[in-house]
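Using the hints, position chain B against chain A.
Heads up: the sequence lines are chains A and B, in that order. Numbered by our numbering, the letters in the first sequence go through residues 1 to 461 in order. Numbered by our numbering, the letters in the second sequence go through residues 1001 to 1275 in order.
Read the hints as simulated data drawn from the structure, not as lab findings. We put the CB at the ideal spot given by N, CA and C, even for glycine. Be aware that one or more of the hints could be misleading.
Residues of chain B clear of chain A, computed beta-carbon distances all greater than 12 angstroms [said to hold, decoys possible]: (1) Ile1038; (2) Glu1040; (3) Asn1198; (4) Glu1263.
Per the computed footprint, the stretches of chain B lying under chain A, defined by three or more beta-carbons under 8 angstroms from a beta-carbon of chain A, are [stated by the list, open to error]: (5) 1021 to 1031; (6) 1041 to 1051; (7) 1081 to 1095; (8) 1158 to 1172; (9) 1188 to 1194.
To give a feel for the contact side, a few chain B residues facing chain A, derived at Cβ under 8 angstroms [claimed, not checked]: (10) Lys1071; (11) Val1216; (12) Phe1260; (13) Met1270.
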Amino acid sequence: MAVRKTKHEMPEQSPKERIKNFNEVPYGYDEQTAIEEAKRCLQCKNRPCVKGCPVEIDIPDFIKQIAEGNIDKAVEVLKTKTSLPAVCGRVCPYENQCEGECTLLKIGEPVAIGRLERFLADYERKKGAKIPKKEKNTGKKVAVVGAGPAGLTCAGDLVKLGNKVTIFEALHDPGGVLMYGIPEFRLPKEIVKSEVNYISKLGVDINYDVVVGKTITVDELMEDYDAIFIGTGAGLPRWLRIPGENLDGVYSANEFLTRVNMMKAYDFPNYDTPVKIGKVVATFGAGNVAMDCARTSLRLGAEKSYIIYRRSEKEMPARNEEIHHAEEEGVIFKLLTAPVKFIGDEKGMLKEVECLKMKLGEPDESGRRRPVPIEGSNFKIKIDTALVAIGQSPNPLIPQTVKDLEIERWGNIKTDEHGRTSIPGIFAGGDIATGAATVILAMGAGKRAARTINEYLKTER
Amino acid sequence: MYKIIEKKVLSESVKLMKIKSPLVAKKALAGQFIILRIDEKGERIPLTIADYDREKGTVTIIFMEVGKTTKKLGTLKEGDSILNFAGPLGKPSEIEKFGTVVCIGGGVGIAPLYPIIRELKKAGNYVISILGARNEKLLMLEKEIQEVSDELHICTDDGSKGKKGFVSDVLQGLIDDGKKINIVWAIGPIIMMKVVANLTKKHNLKTIVSLNPIMVDGTGMCGGCRVSVGDETKFACVDGPEFDGHLVDFDNLMLRNRRFAKEEEHACHMAGVKL
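So that you can see chain B by itself, here it is in the shape it has in the complex:
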């Protein structure tokens, strides 16, 4: 059993939890993920690690309530426990001194981006962070990311905070200004990563994206998380979750992530939770 040490409600549908798991906390690195299962009848879901505290032995997860499991997880309180918590899984981000790095986070994708920004900054990079969300309420970790970034740009779809528009517009602005960029990290909704990758491809800017496909075991066993990367099929759980954004087939990923949309709806309906 893994205890929920702390819980914060970041917005109506986004929650933060610090989970006690000393083994995972000890090994966790930016870019990796965990798999959790709430109870005996639960499914296994992957969540990217938002932070870790090696001394306290906790791992931070931030999740949006989108299906039955995340909704159920959201109802748990501090002091409650979840049954399974395995990790850290996947390959860590390849952090090095690149020069100027643009880190783009969209919605709940801002969460896994935070430790990556922090490590990139630590490695001596000039970090420009671009955070985007549908509206101000859904924006998270602004203060934390401000602290570890050299520049911070914020935008919202409705203009309730920062610039009105999309993260790709901000990136386009930076490129138009003639900013020299060495590499881009983009984590967020698939469509956001696709748009960013299409833009950077035109400018020949290497772009790393972090994928979150459907998984079961998370150890390379089931292949449910396979994605097309260039000419190859890769498993996000062991080969990723980060890949070269210019090679990922985002359309196939979008399709595969909707594989169980109907079943998910049915499960939520049966459990009396609204989607």
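Here chain A stands alone, though its shape is the one from the complex:
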């Protein structure tokens, strides 16, 4: 029987409907579709997909179990390598990872590995997650700073290995960027909470409202714990550094998304945190965060939602699926366009942005063609709200407050590939070490650090 060349479609809310609500866009596979899709897998001996996975999930093994209808067994295989499958199954850039390596690409579309992972995670959540057996208590204590993807993964792996793990989180909710950054319609917060719940059930304690560096220092933690993992992420917003950026109406993507996602401003005044966007919103940047901003704006009632990006379509860093969804929903892409100035009215309210047209020049150090301004091409767009989504830098709170911790040029903590910092006993991973990247890379870093920490705990003292 010939292999089907395309992925099985995943049903989703129509664009017209979904821009009126914050519900998740895709519905996910049902069991029959999942089994059919799993049967497309060739079970390659060299397992290229596994090499593409930052957390080394045994992809062909869980797919084989699905294909044979052993869903519970498939879940078990999946969960040996990831504690957050429902998250990965939704926000991973599969096309550049597992699916990007799939042999089927030679004849058509890859196996829908992401959709299958999501199917398993959702199946398990409905059924109630089984708590795996932990290894014998080692008597060692580890403090994890930050309850984002890196910290949660590291904590989950360390507790399974028999260590006592406590997470310290600055905010009032767990999840880090999964909670404050990624919108409800892409990653429902109930799913994040249930994945965190699983980690708690494994025996990890989470302390909220503890701003490490302020409420308690890393040095103080070192007195009570045998090792520390720092996963405080890239929380510091970058700015365009153009005139008018402090006008009323200009938000960082972080502020806008935190208000809407974590503080639930979309349900104001039922929830107390407000947000206001007016009729025309412009988002600057073209990564996943920018797509989230532009799509959220539509759901909050914006009549026009622009993505303004200084390079061309080819260079947009967002996942294909996000760009596709944004286009479907009516987001207007103004490419090869760079803002030069925000203009306010007499009261200081944002009313316009002045832009310049760009063209692509020679490739820069990132390998992408550098955008070059076209002189005299200035034009203005009337906007009510500007969302600046051009990236984040590592949060400086911890780097600034730990003596002798080596910091790199961009403010990130220097680590080796195993997550060791310049201070023995202190480990770091995720965006705080690499600069802003993806959820899955942070999880991979948390996983590697857990392994390193576990070895360290065995050999130290």
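Just chain B, lined up with the frame of chain A:
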């Protein structure tokens, strides 16, 4: 959960609460602030620390009921709890022996000024405190501040207590008298800080102000609290809340603090509370 150990009504709209939070109490320093959230649907609001008791593990906050959250907070009683209380945030005041320090507090700004005055006095400064309020009823911590000040001047807008007039008038008087002043601290309404900073700038008197812009996380993540200081944009939550008063763009701060005025009004209306 963080328990309200003590509550005092300082005036109709100003309340004092001592909140049990040993971790924050242990670390708190003059000039820093906390972020609190009352309940699951609440917003996060910053409040400057008015005092702390390391032994009892309590942190004192004093707040004026100006919006939905502060009004709701004002209805809570001793023994009630709030859901989140994080801190101490921001940089502490840079306390050292300057010589003669003038500390100016306006309205509810007197509260965060109190621990600063106390620490400045402890550091060996000659402290002249100027407290101002709209009227006598809104004046707070007079006795406490008297105890840690070398001189105390009081003024009210309506003359119901102390001199009739503004804190800046009292400061002008001190300057006119030829008082040698090494540094000024001014905490209060934005307009008060602006007026004081304009006055001291003329006399080349270094002036520290404490800003209270709109914040969400309070850890440097959202940038909602950004203020223009000189040629730079600073985050009040991590770079402040205290800044050189001669460099702050107060007009931009005033504007940014009114960002959600309409929404606030609507929220209060929906919740049945009067502004």
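ask   = Taking a Cβ-Cβ distance under 8 angstroms as contact, does the segment 1081 to 1095 of chain B have three or more residues in contact with chain A?
value = holds (count 7)
Original post:
Do three or more residues of the segment 1188 to 1194 of chain B come closer than 8 angstroms to chain A, measuring C-beta to C-beta?
Top reply: This one is violated; 0 residues, fewer than the three required, reach chain A with a Cβ under 8 angstroms.
Interface hint compliance - Met1270/B to chain A, C-beta minimum distance less than 8 angstroms: Result: holds, 5 angstroms to nearest chain A Cβ.
Review point. Taking the minimum C-beta separation from Glu1263/B to chain A, is that value above 12 angstroms?
Key: 4 angstroms, violated
| Residues of the segment 1021 to 1031 of chain B with Cβ under 8 angstroms from chain A, three needed, outcome | That given contact holds, which follows from 3 residues of the segment 1021 to 1031 of chain B lying within Cβ reach (below 8 angstroms) of chain A.
_Nearest-CB test (12 angstroms) between chain A and Asn1198/B_ = 20 angstroms, holds
Do three or more residues of the segment 1158 to 1172 of chain B come closer than 8 angstroms to chain A, measuring C-beta to C-beta? It is violated: at least three residues are needed, and the segment 1158 to 1172 of chain B offers just 0 whose Cβ sits closer than 8 angstroms to chain A.
- prompt: Any CB of chain A closer than 8 angstroms to the CB of Val1216/B?
  reply: 5 angstroms, holds
query = Taking 8 angstroms as the limit, does the beta-carbon of Phe1260/B come near enough to a beta-carbon in chain A?
reply = Nearest chain A Cβ about 5 angstroms off; hint holds.
key: Beyond 12 angstroms from each Cβ of chain A, as asserted for Ile1038/B   = Violated, because the least Cβ-Cβ distance between Ile1038/B and chain A comes to about 8 angstroms, which does not exceed 12 angstroms.
Note to self: Given a cut of 8 angstroms on the nearest C-beta pair, is the interface hint for Lys1071/B held or broken against chain A?
What the structure shows: Interface hint status for Lys1071/B: violated (11 angstroms vs cutoff 8 angstroms).
- Verify that the Cβ of Glu1040/B lies farther than 12 angstroms from every Cβ atom of chain A, and report whether the claim holds or is violated. Check fails; 9 angstroms does not lie beyond 12 angstroms.
Violated hints, listed in ascending order, are 1, 2, 4, 8, 9, 10; each of the other numbered hints is respected by the structure.
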